[in-house]
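Chemist: Sequence:
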Amino acid sequence: MTVTSYKSQPSLASRLINGILSIKPLAKLAKYQARNMIINRAEKIGVPWRDNVRQLQAHNWKEELAKVENPNLIYPDYYVCSFHGYETGNLSWESALEVESAAYAVHASIWPSAGVKGDPRLRENYHSILQQQLSLNPQAILDIGCSVGMSTFPLQERYPNAKVTGLDLSAYHLAVAQYRSQERNLPINWVHGAAEATHLPETSFDLVSAFLLYHELPQTAAIAIFKEARRLLKPGGYFTLMDMNPRAEAYQKMPPYILTLLKSTEPYLDQYFALDVETALIEAGFEPPKITPISPRHRAIVARVSR
Numbered sequence: 034m035t036v037t038s039y040k041s042q043p044s045l046a047s048r049l050i051n052g053i054l055s056i057k058p059l060a061k062l063a064k065y066q067a068r069n070m071i072i073n074r075a076e077k078i079g080v081p082w083r084d085n086v087r088q089l090q091a092h093n094w095k096e097e098l099a100k101v102e103n104p105n106l107i108y109p110d111y112y113v114c115s116f117h118g119y120e121t122g123n124l125s126w127e128s129a130l131e132v133e134s135a136a137y138a139v140h141a142s143i144w145p146s147a148g149v150k151g152d153p154r155l156r157e158n159y160h161s162i163l164q165q166q167l168s169l170n171p172q173a174i175l176d177i178g179c180s181v182g183m184s185t186f187p188l189q190e191r192y193p194n195a196k197v198t199g200l201d202l203s204a205y206h207l208a209v210a211q212y213r214s215q216e217r218n219l220p221i222n223w224v225h226g227a228a229e230a231t232h233l234p235e236t237s238f239d240l241v242s243a244f245l246l247y248h249e250l251p252q253t254a255a256i257a258i259f260k261e262a263r264r265l266l267k268p269g270g271y272f273t274l275m276d277m278n279p280r281a282e283a284y285q286k287m288p289p290y291i292l293t294l295l296k297s298t299e300p301y302l303d304q305y306f307a308l309d310v311e312t313a314l315i316e317a318g319f320e321p322p323k324i325t326p327i328s329p330r331h332r333a334i335v336a337r338v339s340r
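Numbering (the numbering used here), first residue to last: 34 to 340.
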């Protein structure tokens, strides 16, 4: 049986919120409130969001953009929409220059009093799971949906002898990744492309990792990426992902107001929460995956290529 989608009925609260967000003025207000909440949280925990952006804006980004941009890339329809409160989504300098500060702000509340340490703790937990559950030392790694490289740099640092590639649909985000990798002197290959159609050679990677990508995807793209990852992996290779955990109590008990703000910036959240990841991975050619909660809100999933 071929799986094309996994659908389930959103909860009553979710349907009410969807109705609110279908009204454009209310959706715009929710996005504005969500964005301000994140910026204020960042400044409160000691992340100088506005100063960080000003410093990055002073850089001439033309050179980095020219190094990474694929002018012939055709963007999938699902990507050309509003994300994270930005009307043009990830296809903007504004989002590219703010994403690092946003990560610290969003993850500050995962654990009580985590603050600025919440983001690095979440990443450390993910990599600890990889070290525990991977039965190989990957020599070729692909980080899909790599954004500005925050998920890519730890892979290169954890596996210093590996050839690491970061792939993303936003040339703006990749330009920042290119700049940061030069600062760190890390020899990472940045690719401007779609994770569901990478055009990279088959069976060329030991590990394909996706960090906080899947909640930003419609189910058709999510399933296509599972299949593309399977094509790219060598025998015995691994596909791993870290993302929100739909089964987490934190989301079940989230106040409607906060859930409204969250969904205003994440257009495919309902589809992600309804995705049967286990079945989709098995049908894409992986062994039954191991799913491990790594925070009160997140999970790591490790799937090995079927032999």
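Derived from the structure by calculation, the hints contain no laboratory data. Don't take each hint at face value.
Stated by the list, open to error - Under the rule of at most 30 Å between Cα atoms (straight-line distance), these lysine-lysine pairs were calculated in the DSS-like manner:
(1) K260 with K323
(2) K150 with K196
(3) K323 with K77
(4) K196 with K100
(5) K267 with K196
(6) K286 with K196
(7) K95 with K260
(8) K150 with K323
(9) K100 with K323
(10) K286 with K323
(11) K100 with K286
(12) K150 with K77
(13) K323 with K267
(14) K323 with K196
(15) K150 with K260
Chemist: Does the structure break any of the earlier hints, and which numbers would those be?
Modeler: Of the numbered hints, 3, 6, 7, 9, 11, 15 do not hold.
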